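Colleague: Respectively, the protein sequence lines represent chains A and B. Those letters in the first sequence? Residues 1 to 440, per UniProt numbering, in order. Those letters in the second sequence? Residues 1 to 732, per UniProt numbering, in order.
Careful, some of the hints might be misleading.
What the hints assert, rightly or not - Calculated pairs, BS3-like style, for lysine-lysine (alpha carbon to alpha carbon, straight line, at most 30 Å): (1) K676(B) x K726(B); (2) K664(B) x K652(B); (3) K130(B) x K67(B); (4) K130(B) x K247(A); (5) K707(B) x K460(B); (6) K580(B) x K616(B); (7) K115(A) x K63(B); (8) K342(B) x K227(B); (9) K247(A) x K129(B); (10) K182(B) x K209(B); (11) K638(B) x K555(B); (12) K604(B) x K616(B); (13) K129(B) x K200(A); (14) K108(B) x K9(A); (15) K130(B) x K200(A); (16) K638(B) x K606(B); (17) K521(B) x K469(B); (18) K200(A) x K247(A).
Simulated from the structure, these hints should not be mistaken for lab results. Treat the numbers as computed from the prediction; the structure is a model and nothing was measured.
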Amino acid sequence: MGISKDRIKFNVGGRLFETTATTLANAGRDSFFGALFDDGWNLSPQDSVIFVDRNSDCFAVLLDLLRTGDLNVPANIPERLLHREASFYGLLDHVRTARWGPFDGNRLRLSDSVKGTSPGDGTAIRAGPDGGCCVAHGSVVHVYDWMLEEHSPINLDYQRVNDVGWIDSDNIVLSACERLGRGDGGMGLFSSSSGDLRYKFQVSHDNQVKSYTAGALSFSPDYEIFASCKGRSNEYGIGVWDQITGKQTDFFYESPGWSLGDADKLQWLNGKNCLLVATLFPRKDNCYISLLDFRDKNMVWSWSDIGSPMAIDEKRVRDAIAMEDSNSICVVNEFEDLGFIDLRMYGGSVRWSSRSKLMKSKMPDEPCYPKLALHEGQLFSSMNDSISVFRGPDWVLTSRLRRSYGGSICDFSIGGDRLFALHSEENVFDVWETPPPPII
Amino acid sequence: MSNQKKRNFQIEAFKHRVVVDPKYADKTWQILERAIHQIYNQDASGLSFEELYRNAYNMVLHKFGEKLYTGFIVTMTAHLKEKSKLIEAAQGGSFLEELNKKWNEHNKALEMIRDILMYMDRTYIESTKKTHVHPMGLSLWRDNVVHFTKIHTRLLNTLLDLVQKERTGEVIDRGLMRNVIKMFMDLGESVYQEDFEKPFLDASSEFYKVESQEFIESCDCGDYLKKAEKRLTEEIDRVGHYLDPKSEEKITSVVEKEMIANHMQRLVHMDNSGLVYMLLHDKYEDLGRMYNLFRRVTNGLLTVRDVMTSHLREMGKQLVTDPEKSKDPVEFVQRLLDERDKYDKVISTAFGNDKTFQNALNSSFEYFINLNARSPEFISLFVDDKLRKGIKGIVDVDVEVILDKVMMLFRYLQEKDVFEKYYKQHLAKRLLSGKTVSDDAERSLIVKLKTECGYQFTSKLEGMFTDMKTSEDTMRGFYGSHPELSEGPTLIVQVLTTGSWPTQPAVPCNLPAEVSVLCEKFRSYYLGTHTGRRLTWQTNMGTADIKAVFGKGQKHELNVSTFQMCVLMLFNNADRLSYKEIEQATEIPASDLKRCLQSLACVKGKNVIKKEPMSKDIGEEDSFYVNEKFTSKFYKVKIGTVVAQKETEPEKQETRQRVEEDRKPQIEAAIVRIMKSRKILDHNNIIAEVTKQLQPRFLANPTEIKKRIEALIERDFLERDSTDRKLYRYLA
Chain A
1 MGISKDRIKF
11 NVGGRLFETT
21 ATTLANAGRD
31 SFFGALFDDG
41 WNLSPQDSVI
51 FVDRNSDCFA
61 VLLDLLRTGD
71 LNVPANIPER
81 LLHREASFYG
91 LLDHVRTARW
101 GPFDGNRLRL
111 SDSVKGTSPG
121 DGTAIRAGPD
131 GGCCVAHGSV
141 VHVYDWMLEE
151 HSPINLDYQR
161 VNDVGWIDSD
171 NIVLSACERL
181 GRGDGGMGLF
191 SSSSGDLRYK
201 FQVSHDNQVK
211 SYTAGALSFS
221 PDYEIFASCK
231 GRSNEYGIGV
241 WDQITGKQTD
251 FFYESPGWSL
261 GDADKLQWLN
271 GKNCLLVATL
281 FPRKDNCYIS
291 LLDFRDKNMV
301 WSWSDIGSPM
311 AIDEKRVRDA
321 IAMEDSNSIC
331 VVNEFEDLGF
341 IDLRMYGGSV
351 RWSSRSKLMK
361 SKMPDEPCYP
371 KLALHEGQLF
381 SSMNDSISVF
391 RGPDWVLTSR
401 LRRSYGGSIC
411 DFSIGGDRLF
421 ALHSEENVFD
431 VWETPPPPII
Chain B
1 MSNQKKRNFQ
11 IEAFKHRVVV
21 DPKYADKTWQ
31 ILERAIHQIY
41 NQDASGLSFE
51 ELYRNAYNMV
61 LHKFGEKLYT
71 GFIVTMTAHL
81 KEKSKLIEAA
91 QGGSFLEELN
101 KKWNEHNKAL
111 EMIRDILMYM
121 DRTYIESTKK
131 THVHPMGLSL
141 WRDNVVHFTK
151 IHTRLLNTLL
161 DLVQKERTGE
171 VIDRGLMRNV
181 IKMFMDLGES
191 VYQEDFEKPF
201 LDASSEFYKV
211 ESQEFIESCD
221 CGDYLKKAEK
231 RLTEEIDRVG
241 HYLDPKSEEK
251 ITSVVEKEMI
261 ANHMQRLVHM
271 DNSGLVYMLL
281 HDKYEDLGRM
291 YNLFRRVTNG
301 LLTVRDVMTS
311 HLREMGKQLV
321 TDPEKSKDPV
331 EFVQRLLDER
341 DKYDKVISTA
351 FGNDKTFQNA
361 LNSSFEYFIN
371 LNARSPEFIS
381 LFVDDKLRKG
391 IKGIVDVDVE
401 VILDKVMMLF
411 RYLQEKDVFE
421 KYYKQHLAKR
431 LLSGKTVSDD
441 AERSLIVKLK
451 TECGYQFTSK
461 LEGMFTDMKT
471 SEDTMRGFYG
481 SHPELSEGPT
491 LIVQVLTTGS
501 WPTQPAVPCN
511 LPAEVSVLCE
521 KFRSYYLGTH
531 TGRRLTWQTN
541 MGTADIKAVF
551 GKGQKHELNV
561 STFQMCVLML
571 FNNADRLSYK
581 EIEQATEIPA
591 SDLKRCLQSL
601 ACVKGKNVIK
611 KEPMSKDIGE
621 EDSFYVNEKF
631 TSKFYKVKIG
641 TVVAQKETEP
651 EKQETRQRVE
661 EDRKPQIEAA
671 IVRIMKSRKI
681 LDHNNIIAEV
691 TKQLQPRFLA
701 NPTEIKKRIE
711 ALIERDFLER
721 DSTDRKLYRY
731 LA
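Please put together the full structure from these sequences, using the hints given.
Modeller: What follows is the structure, encoded as structure tokens:
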């Protein structure tokens, strides 16, 4: 095995390249190069040139990717072309990995802004597991892959979409409003690539299938789907379905004087084996936050602002998120004041950290309520046109992401090592990524 | 208007569709199809991978994925059908080889085809959720070759035949076997299980059913087990050589079931070779084999254990109830220890120190040791023997070993209090006669008893040791304060605390004047130093060393009991004395005196006095005189008292009675303790609880408990319930 034996020559679309088998081995067996050098294929003698009928500029970029692991795309190469070529060689995953690094809220950079065709006022944006995302607008959900190419939209025939969630990179669950007199609505499983309906989740009550409106969604690692449900009569509460069989496995009925079926937000807490259910102002006049344990059908913790002094309406809870590590629930009001409720105490009160009273003066014309997200110890809170990043345990503001085009941020989502922020005035969403690690 | 617009749009779209060469797809597919043919014909050297990959890519790109996919399936199916015909045509032994060869070819081809179709695999198949190329290729092989009617059963039969041949000792091509079986595994777990494993297990089951029947008719148990073990290892080896490791458990369970479980009872009970035979003849290796094989099947060890237990019980019962064997207590205990050692060894070497077997051993010993009511006494006598002289010359470690073994037997005893009684007696004798060999050994045993039975059990025994120690100090003090006594007879007094020592009625006797003077001095010394005490002389337990000069001037030192000394001293002043005179002078009770005279006059070689008439027994009319001709090659002569070491029947009864008496307060205490906490309890429960509480000391007799309850009722500790006569109430 001399050194010369390692050398490989290519003629790609008329341009000569020379590289080594070692470099090409980085492509892996399940790639064009992996197959090309497999023993089964009798490659012509060493010094002959292997012809490949492809674009040479892209080949150069991809060869460098194999050599260094870095992706450097010259301005004259369109992304789509590069992706097309990478797909030919079976290197799309390599490109995807090299494109952006592991998520870090304090090192994010804006990598793209995608303008959709529909008008503003999006309902929700949800990041997919492999870098794609979907945006719900009224009755349509637009699906984008990690290359930010739009796939066939999911069209719900005039039913309003309430929430969206990814089961895996190929399957999306939608929850939709029931339309009076039509008996449809509820939840459906759709293909992210084709937009086709694959399955409809049903709610049964006394062995009868009922029509219902599904609200917020959440998923557990045990392949369960949770959704807040409102039916015609009794079916108010939280439904549970199995992701694999699609069958309803449980239903937690709402008790009088409490709200579950209207919930804005569900969050599965894996450590506590509980589901956080939050119904917030203005959907209801009061806020209801509870933790449900489905194993013994028990509400293990609850909090509500009923009866608490409401002198000024600034302390209205607009979003809530449970932080298992610090045993607390973080809430936010419309002025982006963060508050914390201790999960270990029953009937505790909100401890507000009065951080940003200044904001009150410069409220935009069309405000959006703040939203919260948690990712690996970092807390994200959206307000107007920016997203603040806080770091525990004291929740200090460490970064702020802002881009003023498109108006206030109405929703954002973190997943697949990316952060997607959806603006409300114009139908634009921003993609924030962590750049690949520095060279040295 | 909007309708019109829509239609316009559609027409436009139609207009602009790029029309590719209509024959494009067919042409491209032909290239690929030809390549697949060439690959299958092993003629791929001229093919360009790049060209084929590009063509397959282009077909998918131009939306001909479906055509490509079905084309690949159709072409591959055709090839496999052809191959299956070739395989089928292969004759005899070459059949498997041909199949293996074709399988390898197919794998190679499949890989190359997958390489060409890689893009389709990634995109078209992924998005349409069809079967990927590689698994598709495997299932095509399965459907068209392995499940092809003319191959399916033939393949299975060939494989089973080979296994059968190997079992009968022929050498087969294991490599080929492994490859073919590997094929089944590659085709998926269900294929392996359905098409090979299940029939293989069925055939094996049949084979071993027949074979084990043959073996059991012709072999003895040891040989049979050897053969079974060999078969088992063979099957495990077979799995290692060419089967799925997951099959090991299944095939071994087949062998276990057919060869062991089905014949378990017969094997264990085989005459002249079964378990009992092995135990009797120390066949450790066979026992080990039996254990290891029987362990594998349900109830296997249970069977072995049951048979061992019943054998042990039978053997032990004979051992302890045979009157011949219980003549010598030391030998009796030694035999028990030997049996225990033996079974310990069986369990540790052959039965892998199995806890359940140890338990069975213990319960068996517990069962039969208590069959003989004299076991506690004998064990104590055994200890006595060892601590008197047996241990001399043995190092400490061995002493510990013997004592530990004795403790083991002690643990089996139900009547531990009886043992305590005897042990106390024997210990007292040892201590008082100074016969105990090693203080350390004595104490070590006491410590062992203490850990086993608690402080209460040994407190009196320890008190005895303390008495011995204090007496030494007292004697030193006594002679220190009476220096004038250094000449003349020496008196050694051991002051025994009442209660600590086995009580024996003090038998008075007239001590010789020389001695009684000394005794008085000691009494006044002792009472002078300790107030409020009372001394009683236990002359029946003392010994004396006296110097004697016989007729021809032979000098001897005689080691005798106190009574014997009293008798001998009389002869200092008289040549001849009648029995009556001796009795009057000494006032020793008749039975003791007779025994004492017997040992002085009737034991050959030690008869320091003579009697008239000469006979074995002492009569009231006999007379005695000094044996002037007494000789002995030793200067010191020990004259023993004629005492039965083992208790005589009346003595035994007496001890028994004392034990029963001692038990009464213990049973009563237990009843009161229980009733105090329970307040109300029915008869059966009281019996059960009392028995349980007293278990560590002795096995309480239910009738005795009932008597004690009645006694307590009389003394107003308890009362019967007025309605339910079976209920007792505690009266505070």
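Colleague: Decide if the proposed pair is consistent with the structure: K247(A) and K129(B), CA atoms, cutoff 30 Å inclusive.
Modeller: Within the cut-off at roughly 22 Å; holds.
Colleague: Check the hint pairing K115(A) with K63(B) against an upper bound of 30 Å on the C-alpha distance.
Modeller: holds (29 Å)
Colleague: Please work out if K664(B) and K652(B) have their alpha carbons no farther apart than 30 Å.
Modeller: The hint holds at about 19 Å.
Colleague: Keeping to a limit of 30 Å between CA atoms, is the pair of K182(B) and K209(B) held or broken?
Modeller: Distance of about 28 Å is within 30 Å: holds.
Colleague: For the pair supplied as a hint, K676(B) and K726(B), confirm whether the alpha-carbon distance does not exceed 30 Å.
Modeller: Roughly 17 Å separates the two Cα atoms, so the pair holds.
Colleague: Taking only the CA atoms, is the gap from K130(B) to K200(A) under or equal to 30 Å?
Modeller: Holds - the C-alpha atoms of K200(A) and K130(B) are around 22 Å apart, at most 30 Å.
Colleague: For a C-alpha distance cap of 30 Å, please report whether K580(B) and K616(B) respect it.
Modeller: holds (18 Å)
Colleague: Between K638(B) and K606(B), does the CA-CA distance stay at or below 30 Å?
Modeller: The given pair, whose Cα atoms are some 8 Å apart, holds under the 30 Å limit.
Colleague: What's the verdict on K200(A) and K247(A), does the C-alpha distance respect the 30 Å limit or exceed it?
Modeller: holds (10 Å)
Colleague: Taking 30 Å as the top limit, are the C-alpha atoms of K604(B) and K616(B) close enough?
Modeller: holds (11 Å)
Colleague: Are the Cα positions of K521(B) and K469(B) separated by 30 Å at most?
Modeller: holds (21 Å)
Colleague: Given the hint that K638(B) pairs with K555(B), test it: the Cα-Cα distance must not exceed 30 Å.
Modeller: Distance ~14 Å between K638(B) and K555(B) Cα, so the pair holds.
Going down the numbered hints, you'll see the structure goes against none, and every one checks out.
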